[in-house]
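A.B. asks: Please construct the entire structure, taking both the sequences and the accompanying hints into account.
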Amino acid sequence: KQEVTQIPAALSVPEGENLVLNCSFTDSAIYNLQWFRQDPGKGLTSLLLIQSSQREQTSGRLNASLDKSSGRSTLYIAASQPGDSATYLCAVSGGSNYKLTFGKGTLLTVNP
Amino acid sequence: NAGVTQTPKFRILKIGQSMTLQCTQDMNHNYMYWYRQDPGMGLKLIYYSVGAGITDKGEVPNGYNVSRSTTEDFPLRLELAAPSQTSVYFCASSPTSGSYNEQFFGPGTRLTVL
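Residue numbers (this note's numbering), protein chains in the order written: chain Z, 420 to 531; chain C, 8 to 121.
No lab work stands behind these hints, which were simulated from the structure alone. Be a bit skeptical, because a hint or two may be false.
To be verified - With a straight-line cut-off of 25 Å between C-alpha atoms, the simulated SDA-like cross-links for lysine to any residue are:
#, chain 1, residue 1, chain 2, residue 2
1, C, K51, Z, I426
2, Z, K523, C, G47
3, Z, K420, C, E109
4, Z, K420, C, D45
5, Z, K461, C, E79
6, C, K51, Z, G460
7, Z, K523, C, K51
8, Z, K420, C, V57
9, C, K51, Z, T493
10, C, K16, Z, T506
11, Z, K461, C, G47
12, C, K16, Z, D458
13, Z, K461, C, V95
14, Z, K461, C, Y71
15, C, K51, Z, G514
16, C, K16, C, T93
17, C, K51, C, E86
18, Z, K523, C, E79
19, Z, K523, C, V95
20, Z, K523, C, T78
21, Z, K461, C, I61
22, Z, K487, C, M48
23, Z, K420, C, Q92
24, Z, K461, C, G60
25, C, K51, Z, G490
26, C, K51, Z, T445
27, Z, K420, C, G49
28, Z, K523, C, D33
29, Z, K523, C, V67
30, C, K21, C, V57
31, Z, K420, C, F111
32, Z, K523, C, G49
33, Z, K461, C, P82
34, Z, K420, C, V95
35, C, K64, C, Q29
36, Z, K523, C, D45
37, C, K16, Z, R456
38, Z, K523, C, E66
39, Z, K461, C, T119
C.D. replies: This is the structure in structure tokens:
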């Protein structure tokens, strides 16, 4: 059974700092990995999708990497801003239904 | 495009009541999913559909039913609501299978069963 773990559970940083969020998964037979952002009381916004054949994806200040063989992904946020404060969820897609298995998330607070 | 829409946004039910959570997508996606999110936990898959007329169970299907009569709509039915079904429910859709199965989520329905 696929399990996804995110470390740390919470992170507080000063504005302008670069930071890394970590995600690990137990079964390397995945189609892709998605990083989402969730604001309090809101839905999920897709940030980046990395296909299983890719090593990384970039969008603006965000860079996500994938090492499928070791079951690890990182989300790098450059020059963090208070508006980046949210919960970041990692999810891997697998199985015949392509369902997403989610981690519990990392709560990020960026202090002005 | 409105994307994935869900109604209602909030609902309070009494134990034993029933209700239907509505989900509609206007992106002509074949795949649709229902997840639930409990506090401090990741999302868990309840049911999914790979096209109109085809549905199947996910990890936590007990107490729920679904139907998919059209490509656009994927309602989730709760029968005999229980306090354990207090959660936030998210509907998602995806255009295709394979490694580019990117899922797009609705805003969620926050359900409380008292």
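A.B. asks: Out of the numbered hints, which ones does the structure contradict?
C.D. replies: 18, 20, 21, 24, 28, 30
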